[in-house]
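Chemist: If you're matching them up, the sequences are chains S and R in order.
My numbering applies: residue 1 is where the first sequence begins, and numbers increase by one.
My numbering applies: residue 1001 is where the second sequence begins, and numbers increase by one.
Treat the hints with care, as some may be off.
What the hints assert, rightly or not - Below 25 Å or equal to it, Euclidean Cα-Cα: the simulated BS3-like pairs (lysine-lysine) are: (1) R/Lys1286 / S/Lys168; (2) S/Lys286 / R/Lys1164; (3) S/Lys233 / R/Lys1434; (4) S/Lys98 / R/Lys1434; (5) R/Lys1039 / S/Lys434; (6) S/Lys168 / R/Lys1282; (7) R/Lys1168 / S/Lys282.
By construction, these hints were calculated from the structure, which means they are not laboratory data.
2 protein chains.
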Amino acid sequence: MFESAELGHKISKTTFDAAVPELREALLNAQFDLAQQAKFPVIILIGGLDGAGRSETVNLLNEWMDPRFLQTHGMGEPSDEEMERPMMWRFWRALPPKGRIGLFLGSWYTWPILHRVKGHTNEAELVQSLERARRFEKMLTDEGALVLKFWLHLSREKQLARLKLLEKSPLTRWRVTQRDWEHYKQYDKFLTVNESVIRHTSTAEAPWLIIEGEDHRYRSLTIGQSVLQSLRKRLDESTNPVTPEQVTAAPLLPAIDKRDLLHALDQTRRLGKAEYRKLLEKYQGKLALLSRDPRFQKLTVVVAFEGNDAAGKGGAIRRITGALDARRYQIIPVAAPTEEERAQPYLWRFWRHIPRRGRIAIFDRSWYGRVLVERIENFCNASDWMRAYGEINDFEGQLVRNRILVVKFWLAISKEEQLKRFKEREKIGFKRFKITDEDWRNRDKWEAYEHAVCDMVDHTSTETAPWTLVEANDKNFARIKILKTLCKQIERAMKAQA
Amino acid sequence: MFESAELGHKISKTTFDAAVPELREALLNAQFDLAQQAKFPVIILIGGLDGAGRSETVNLLNEWMDPRFLQTHGMGEPSDEEMERPMMWRFWRALPPKGRIGLFLGSWYTWPILHRVKGHTNEAELVQSLERARRFEKMLTDEGALVLKFWLHLSREKQLARLKLLEKSPLTRWRVTQRDWEHYKQYDKFLTVNESVIRHTSTAEAPWLIIEGEDHRYRSLTIGQSVLQSLRKRLDESTNPVTPEQVTAAPLLPAIDKRDLLHALDQTRRLGKAEYRKLLEKYQGKLALLSRDPRFQKLTVVVAFEGNDAAGKGGAIRRITGALDARRYQIIPVAAPTEEERAQPYLWRFWRHIPRRGRIAIFDRSWYGRVLVERIENFCNASDWMRAYGEINDFEGQLVRNRILVVKFWLAISKEEQLKRFKEREKIGFKRFKITDEDWRNRDKWEAYEHAVCDMVDHTSTETAPWTLVEANDKNFARIKILKTLCKQIERAMKAQA
Chain S
1 MFESAELGHK ISKTTFDAAV PELREALLNA QFDLAQQAKF PVIILIGGLD
51 GAGRSETVNL LNEWMDPRFL QTHGMGEPSD EEMERPMMWR FWRALPPKGR
101 IGLFLGSWYT WPILHRVKGH TNEAELVQSL ERARRFEKML TDEGALVLKF
151 WLHLSREKQL ARLKLLEKSP LTRWRVTQRD WEHYKQYDKF LTVNESVIRH
201 TSTAEAPWLI IEGEDHRYRS LTIGQSVLQS LRKRLDESTN PVTPEQVTAA
251 PLLPAIDKRD LLHALDQTRR LGKAEYRKLL EKYQGKLALL SRDPRFQKLT
301 VVVAFEGNDA AGKGGAIRRI TGALDARRYQ IIPVAAPTEE ERAQPYLWRF
351 WRHIPRRGRI AIFDRSWYGR VLVERIENFC NASDWMRAYG EINDFEGQLV
401 RNRILVVKFW LAISKEEQLK RFKEREKIGF KRFKITDEDW RNRDKWEAYE
451 HAVCDMVDHT STETAPWTLV EANDKNFARI KILKTLCKQI ERAMKAQA
Chain R
1001 MFESAELGHK ISKTTFDAAV PELREALLNA QFDLAQQAKF PVIILIGGLD
1051 GAGRSETVNL LNEWMDPRFL QTHGMGEPSD EEMERPMMWR FWRALPPKGR
1101 IGLFLGSWYT WPILHRVKGH TNEAELVQSL ERARRFEKML TDEGALVLKF
1151 WLHLSREKQL ARLKLLEKSP LTRWRVTQRD WEHYKQYDKF LTVNESVIRH
1201 TSTAEAPWLI IEGEDHRYRS LTIGQSVLQS LRKRLDESTN PVTPEQVTAA
1251 PLLPAIDKRD LLHALDQTRR LGKAEYRKLL EKYQGKLALL SRDPRFQKLT
1301 VVVAFEGNDA AGKGGAIRRI TGALDARRYQ IIPVAAPTEE ERAQPYLWRF
1351 WRHIPRRGRI AIFDRSWYGR VLVERIENFC NASDWMRAYG EINDFEGQLV
1401 RNRILVVKFW LAISKEEQLK RFKEREKIGF KRFKITDEDW RNRDKWEAYE
1451 HAVCDMVDHT STETAPWTLV EANDKNFARI KILKTLCKQI ERAMKAQA
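Just chain S, with the same shape it has in the complex (with noise of 0.2 Å):
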């Protein structure tokens, strides 16, 4: 694999010294119309061997492109507000937004190699982590961003010469470190890591091109013009666009026999008043002791909440908050995304909010936002949505793999009852609950939103992340089976901890 990176490429200074200031110029000016355009952003790998030239590959194209469009993330230890979160979460931080770039010279890499290297994992431990970063970038690609992966190849040779080349001068030799020599000796081991890296992330959306390290000029300038001609290539699609690839899935067709999860609901639960009070007060009770036990400090909390407009959402969340000390929760209200959050991958506005430990967040409407109104109201393309559903449940299974429980309830109400608090709330005095035209027109659309929650619970209701679907008729059973959900799930995962 590493065969043609170990072939002595090389390029003569003149050939070198001729080129530069031409891709130099390409090169800022195809930074420029990125900037201008906005339209998507550019995250640019640069991984490898140590001693191969990463270090001074990310300060040239800091010197050849703009530096005030280019961020450049070294990705070191992370901090302990990162160490609270998954991996994942500080590369999600660091992202740039549509019409910038971002240089990263660590990256969701670097930990798996370690840790496969060390031998803290196994192969098909490797394996899966590579997996679960190809689908990563899958979802930045099909996002619009354009993922550039540059791996610098050295010989173990070459690799020698070049540490002990940098450790003679007082300019570099900080950057050969006791670490540097310790890889060195397992080169054989992260020669073999790397290629299983390679071979299983290297991709049609996002490929690893391999270069080889030693000759600086070869190296610089085969970088240089990968990154110009990719981005150029991009930058004209994105000005004639390429018409839209046909989603040739099946489409999702609702149960041709009318039953489905929803109609499976036993609308007619129902809680008496005084059996209410006495339920809340336990469960209320027993939710304010877990939150306060010493292991829920090690844990995280996310709850998501859809429901039918009307559904009693916000009630449902007040008894949930009734009970805990208000530094403990965080309550997302999820309405349109703002210019900074568009200008990201449409997860970005939830990972942002992802608390730390000892934290409860809970989302008033969620990241299934993109399979429900997106998708009804064609916000999105039919292959958005439909990709919507594994990156989902690769976002909950990050939570749930690092320790965060996730927790989410469907609140169904029948199309009568939403009716009558329609009408109810018409004459209420409370401002907030006022009906709009556009509850009026959700509305009209009852059938098309049943057939999508349907395929949402059917896609995403794993049993790492399981949907609670919650009878809403009756508001006291609803906030009741909530209550007591949460509290049930929160005791599991204090008892898997254990």
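Chain R: place on chain S using the hints.
Modeler: Below, chain R without anything else, positioned relative to chain S:
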């Protein structure tokens, strides 16, 4: 000062129960209007003695109001990311945007009080930190925020009784810590310090409201009513705006003898090509070594670049970054604020980019836009840019006190030199150098800008964060002066640490 809050205020259950439903509805409606208008943020501080009901108050406000538009901040121990920045960074980070309410249980008063009680600071130092808090709040209110400060008080006997009561119940026992008892033993010290706090920071814009904490009904109803009335008043004002405050300050006149800082610059200063090359290598080499010095890891550097259009800011920045490892710096090009930035006080978008230790943040245009372009283009009114001088000095003062080196350059060229450069640029291939109509329009306001620059330097060139005016008609001379200044200031800052 606390006498009225030791009278044993009480409200009967009947009165309370009768008043609450109406109060809640009014609060919800006010909150709804606040969110709809989205014209100002609300910042509520809940301070006071342990056991006086601070947590209960915060939880109750969350219960009465819509918790989705309320953010509660406990502000316990800072994270490592927060520890590497000035103390106020974490509060800036937590400020609510326009239309939302931020509820602070710990605030910028917490540490000054504790440090004084423990004797880590003397009275003068306490007063100094209170003065800073006062100025910070003045800035917030000037920027439109509604700042409400509640101080919950208890007499010594009542505090003892409350702590004992809380310890009795298993539901509240966790809340009484060893620390609370230690604080109780220092009741008198706290009383003295608290009085100082209230006396120095109760202002017309943001007065403290002292409330007796003993009776939860009295306390809750008083705070609820107070929040409601302040909110309602501000909401009504912003729909029927009062005529803006007259600025009675004397206007800033340009020097009537035409002698000013800019005209005093010797724009004939030049550097020949050979000399420039030699010095460039020297100072870039020096900067490279300085930034790799272990002491640099304890420092943060913030560089602000301002200057006439086409003065060569970009080129100068590239000469700095050319000497640095790309992982160590970030360039922040300052253009129009984003939607999220417009919902915050104007310094917010600069605070968010203050980097961690061992990093350099280079601002290409900066917070000085307020007293330059915003002043001249009338983007803000006179009192706004007039107060900005003081606010900027406070901002930079906080950075400097926290071992952040602040380096500020004004790149000055003559009007003739600018014309020459504009004409050259019109011929050039690099798209990013295209001259726009706006550039020509700014040129028409040359004298107004000169005047504003001189005022800016006069008001904000402080001993700890001085301006360096750079004669930039000759690019070589300017770049070397900038590199040399930066090196010298970094060296001095590293020595000062040791």
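Chemist: Each of the hints needs a verdict: does it hold here or not?
Modeler: Verification of the hints:
1. Under the criterion of a C-alpha separation no larger than 25 Å, the hint pairing R/Lys1286 with S/Lys168 is consistent with the structure, at around 18 Å.
2. Distance hint between S/Lys286 and R/Lys1164 is fulfilled; the C-alpha atoms sit about 23 Å from each other, no more than 25 Å.
3. Between S/Lys233 and R/Lys1434 the CA atoms are separated by roughly 23 Å; this keeps the pair inside 25 Å, and the hint holds.
4. For the suggested pair S/Lys98 and R/Lys1434, the alpha carbons sit about 22 Å apart, so the restraint of at most 25 Å is met.
5. Annotation: proposed proximity of R/Lys1039 to S/Lys434 holds, straight-line Cα distance about 21 Å (limit 25 Å).
6. For the suggested pair S/Lys168 and R/Lys1282, the alpha carbons sit about 20 Å apart, so the restraint of at most 25 Å is met.
7. With a C-alpha separation of about 20 Å, the suggested pairing of R/Lys1168 with S/Lys282 holds against the 25 Å cut-off.
Figure legend: structure checked against the earlier numbered hints; every hint is met.
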